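Each protein sequence line maps, in turn, to chains A and B.
Counting from 2, one number per residue, gives the positions in the first sequence under my numbering.
Counting from 13, one number per residue, gives the positions in the second sequence under my numbering.
Please keep in mind that the hints were generated in silico from the structure rather than gathered at the bench.
One or more hints might be untrue.
To be verified - DSS-like, lysine-lysine: derived pairs with alpha carbons at most 25 angstroms apart: (1) B:Lys128 to B:Lys15; (2) B:Lys15 to A:Lys58; (3) B:Lys50 to A:Lys12; (4) A:Lys58 to A:Lys72; (5) B:Lys82 to B:Lys50.
As the structure is a computational prediction, the values presented were derived from the model and not from experiment.
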Amino acid sequence: DTGVSQDPRHKITKRGQNVTFRCDPISEHNRLYWYRQTLGQGPEFLTYFQNEAQLEKSRLLSDRFSAERPKGSFSTLEIQRTEQGDSAMYLCASSFVGGTYEQYFGPGTRLTVT
Amino acid sequence: AQKVTQAQTEISVVEKEDVTLDCVYETRDTTYYLFWYKQPPSGELVFLIRRNSFDEQNEISGRYSWNFQKSTSSFNFTITASQVVDSAVYFCALRPAPYNQGGKLIFGQGTELSVKP
Chain A
2 DTGVSQDPRH KITKRGQNVT FRCDPISEHN RLYWYRQTLG QGPEFLTYFQ NEAQLEKSRL
62 LSDRFSAERP KGSFSTLEIQ RTEQGDSAMY LCASSFVGGT YEQYFGPGTR LTVT
Chain B
13 AQKVTQAQTE ISVVEKEDVT LDCVYETRDT TYYLFWYKQP PSGELVFLIR RNSFDEQNEI
73 SGRYSWNFQK STSSFNFTIT ASQVVDSAVY FCALRPAPYN QGGKLIFGQG TELSVKP
């Protein structure tokens, strides 16, 4: 059973550029979460999907952020017009509704905005 | 308000010492779940344990044990006979009322454990 995978693992971009990250959850998991983690802090919730429906978005998710999960499989997180404050680790997690509620995390995508 | 506090930012111990990581949480929900995750230097969060709010039985798994006390809103984690491989950042997390809020996790700030040989 493969775990959660994320691509790319590292991304360096210049301020103002757009970036897109991909997350592939554990295959039978129907919930997918995005979190952001800055240095020295715990992960903070951004948004989550149940199947293809985006059911909740954090106030942290500004208009420059958009997430999709077409067909309820992989998900993408896009950041438009990146700012230096967007530099962080972006973590994806998945879980199975009706299971025991633990979320399994991917290795993360580290974004550096210069 | 939902909140998790891990007051210990960094702990350093010598191998084979026992160490306890503290976690205090706040929630008004009567049903909730608590979790511990380990984040080694590689960065990937590893699930360690889940505890239901209605089950205060303590749990032991090898060198790891967890003490859940609703009366003090605490869910502490003890590593017995620590090893260098235990060096990591440990996060406590709260999942409020499972049938609403989608199951997002609220994390503490983490405790960085350093085990020296």
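Self-check item: Index of numbered hints that the structure contradicts, given in increasing order
Solution: Hint 1 alone not satisfied by this model.
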